[in-house]
Amino acid sequence: MKTKIYLFLLLLTVGNAAFAQEQKMSDAEIAAFKQDVNVVSKKIKTLSTDFVQYKHLDFLSKDIETSGKMIFKEPNMLQWQYKKPYNYSIVFKNGKILINDEGKKSAVDIGNSKIFGRINKLIVGSVSGNMFDDKEFTISYFKVKGQNLAKFIPKDATLKKYIKQIELTFDKEEATVVQVKLLESSEDYTRIVLKNKVINAKIDDSVFTN
Amino acid sequence: MQKSTIQYLLINCVLAIVLISCGPVTKNYSPKKLDKTSYEAPYFSNPKTDYVYKTNITVYGNEMSGIFIAKKINDSIHRVVFTTEFGNKLLDFEISDKSFKVNSIVSELDRKILINTLRDDFRLLLKKEYLIQEQFENESDNIYKSADGNRDNYLFLSKKDQKLEKVIHASKTKEKITLTFSSENNIFAEKIEIIHQNIKLKIEFNYFKSE
Numbered sequence: 001m002k003t004k005i006y007l008f009l010l011l012l013t014v015g016n017a018a019f020a021q022e023q024k025m026s027d028a029e030i031a032a033f034k035q036d037v038n039v040v041s042k043k044i045k046t047l048s049t050d051f052v053q054y055k056h057l058d059f060l061s062k063d064i065e066t067s068g069k070m071i072f073k074e075p076n077m078l079q080w081q082y083k084k085p086y087n088y089s090i091v092f093k094n095g096k097i098l099i100n101d102e103g104k105k106s107a108v109d110i111g112n113s114k115i116f117g118r119i120n121k122l123i124v125g126s127v128s129g130n131m132f133d134d135k136e137f138t139i140s141y142f143k144v145k146g147q148n149l150a151k152f153i154p155k156d157a158t159l160k161k162y163i164k165q166i167e168l169t170f171d172k173e174e175a176t177v178v179q180v181k182l183l184e185s186s187e188d189y190t191r192i193v194l195k196n197k198v199i200n201a202k203i204d205d206s207v208f209t210n
Numbered sequence: 211m212q213k214s215t216i217q218y219l220l221i222n223c224v225l226a227i228v229l230i231s232c233g234p235v236t237k238n239y240s241p242k243k244l245d246k247t248s249y250e251a252p253y254f255s256n257p258k259t260d261y262v263y264k265t266n267i268t269v270y271g272n273e274m275s276g277i278f279i280a281k282k283i284n285d286s287i288h289r290v291v292f293t294t295e296f297g298n299k300l301l302d303f304e305i306s307d308k309s310f311k312v313n314s315i316v317s318e319l320d321r322k323i324l325i326n327t328l329r330d331d332f333r334l335l336l337k338k339e340y341l342i343q344e345q346f347e348n349e350s351d352n353i354y355k356s357a358d359g360n361r362d363n364y365l366f367l368s369k370k371d372q373k374l375e376k377v378i379h380a381s382k383t384k385e386k387i388t389l390t391f392s393s394e395n396n397i398f399a400e401k402i403e404i405i406h407q408n409i410k411l412k413i414e415f416n417y418f419k420s421e
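If you're matching them up, the sequences are chains S and E in order.
Under the numbering used here, the very last position in the first sequence is 210; numbers go up by exactly one each time.
Under the numbering used here, the very last position in the second sequence is 421; numbers go up by exactly one each time.
Careful: at least some of the hints might be erroneous.
As the list claims (entries may be wrong) - Here are the simulated DSS-like cross-link-like pairs (lysine-lysine), alpha carbons at most 30 Å apart as the crow flies:
1) LYS412/E x LYS105/S
2) LYS401/E x LYS62/S
3) LYS104/S x LYS258/E
4) LYS243/E x LYS161/S
5) LYS386/E x LYS181/S
6) LYS243/E x LYS84/S
7) LYS181/S x LYS237/E
8) LYS419/E x LYS243/E
Honestly, the hints are just simulated from the structure, not real lab data.
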């Protein structure tokens with residue numbers, strides 16, 4: 001019996017060592033990390049980035065991959081533009097959502113859709129990294145080889161139904177978001193990798209028409 | 211005497227209804243001798259394939275779009291998931307000819323009538339085995355009639371290359387749902403449409419390959 005327990009503990013430790021990439025931050029590290037991100041995200045007036053989205057569903061043999069460009073301009077104009085394998089663009093602007101689906105256009109009033117308003121706030125917060133003051137989440141902080149990781153768990157039951165957890169991965173040096181992971185359950189998630197980020201280039205308002 | 215007259219009238223009425231009702235779906239087609247008694251639809255049958263489609267739903271003038279994902283998870287069951295372009299799951303079903311399970315659905319879509327409609331549509335879309343009772347033809351297609359509960363499915367196979375091009379789901383009197391398939395190789399459908407005749411509902415599927 002004792003050997004079994006030892007064996008179990010050994011396995012557990014070995015297992016832990018294998019997954020040792022994630023390490024909890026100390027309070028001091030958390031404070032420093034938040035400070036770094038806040039300094040950078042306060043400077044962001046515009047941001048454009050390429051993205052690749054991987055939709056992972058446990059029962060599929062391969063993730064569903066889509067890609068495009070994301071453009072953000074202060075205070076709250078945002079465009080997600082999927083270019084491959086289809087053209088689909090969604091603009092969040094002045095309380096409205098404008099959709100262009102392969103040339104087919106439509107508009108939604110966020111005013112009528114609380115959940116869309118929240119999603120908008122989430123996306124902007126995720127990409128700029130400025131979500132640490134959000135009272136709607138329980139946040140935990142980790143270090144992963146050369147990167148920092150913040151995990152956000154929604155407190156609100158309605159939001160929790162859609163998103164179980166959000167994970168933002170930050171480049172340690174630049175203190176900007178390099179990956180957004182939205183977990184729907186332990187098996188199913190959407191992972192968005194951001195690359196070729198350009199901060200504070202001049203972006204005209206007309207970009208946010210659809 | 212009177213009783214048998216009523217019976218006679220009733221039988222006549224029933225016969226008349228049957229004769230009239232045979233009309234609408236097959237009236238433009240000529241009957242033909244059966245050349246097969248069963249048919250296997252190819253389009254969603256490979257358990258190794260992830261079937262992923264960009265999808266547009268038009269219901270009473272309202273548009274909704276997203277990603278339709280289907281995968282055969284065992285001999286009889288398909289897992290079907292519909293997500294937004296962002297990847298949020300809107301619904302997650304498990305469907306076979308006889309069974310149906312809702313794994314999840316967002317509250318906005320959680321309406322019995324909608325779920326039942328989608329269940330029936332997806333079941334028809336994913337259906338593989340058909341037993342054939344009658345055969346017809348028109349200029350371009352061989353048409354196979356297969357009973358489906360108290361309704362029938364009419365399968366249109368092109369004479370040219372034996373591709374499944376259309377399935378009409380019909381009651382004895384009326385066409386209810388039409389599915390059309392565009393396929394290059396008769397293994398895989400690149401474009402699919404589901405059109406309802408009795409409600410204003412149309413679902414369009416366009417296959418997309420991940421990068």
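| Are the Cα positions of LYS386/E and LYS181/S separated by 30 Å at most? | The hint is violated at about 42 Å.
| field | Agreement of LYS419/E and LYS243/E with the hint, judged by alpha carbon distance not exceeding 30 Å | value | Given that 30 Å is the threshold and the Cα spacing comes to 41 Å, the pair is violated.
| query | Are the Cα atoms of LYS104/S and LYS258/E separated by 30 Å or less? | reply | Violated - the C-alpha atoms of LYS258/E and LYS104/S are around 33 Å apart, more than 30 Å.
| Within a Cα-Cα threshold of 30 Å, do LYS181/S and LYS237/E meet the stated pairing? | 56 Å, violated
| task | For the pair supplied as a hint, LYS243/E and LYS84/S, confirm whether the alpha-carbon distance does not exceed 30 Å. | result | 48 Å, violated
| query | Between LYS401/E and LYS62/S, does the CA-CA distance stay at or below 30 Å? | reply | The given pair, whose Cα atoms are some 21 Å apart, holds under the 30 Å limit.
| query | Is the Cα-Cα distance between LYS412/E and LYS105/S 30 Å or less? | reply | Holds, at roughly 18 Å.
| Holds or violated: LYS243/E with LYS161/S, Cα cutoff 30 Å? | 55 Å, violated
Checked against the numbered hints listed earlier, the structure breaks hints 3, 4, 5, 6, 7, 8; every other hint is satisfied.
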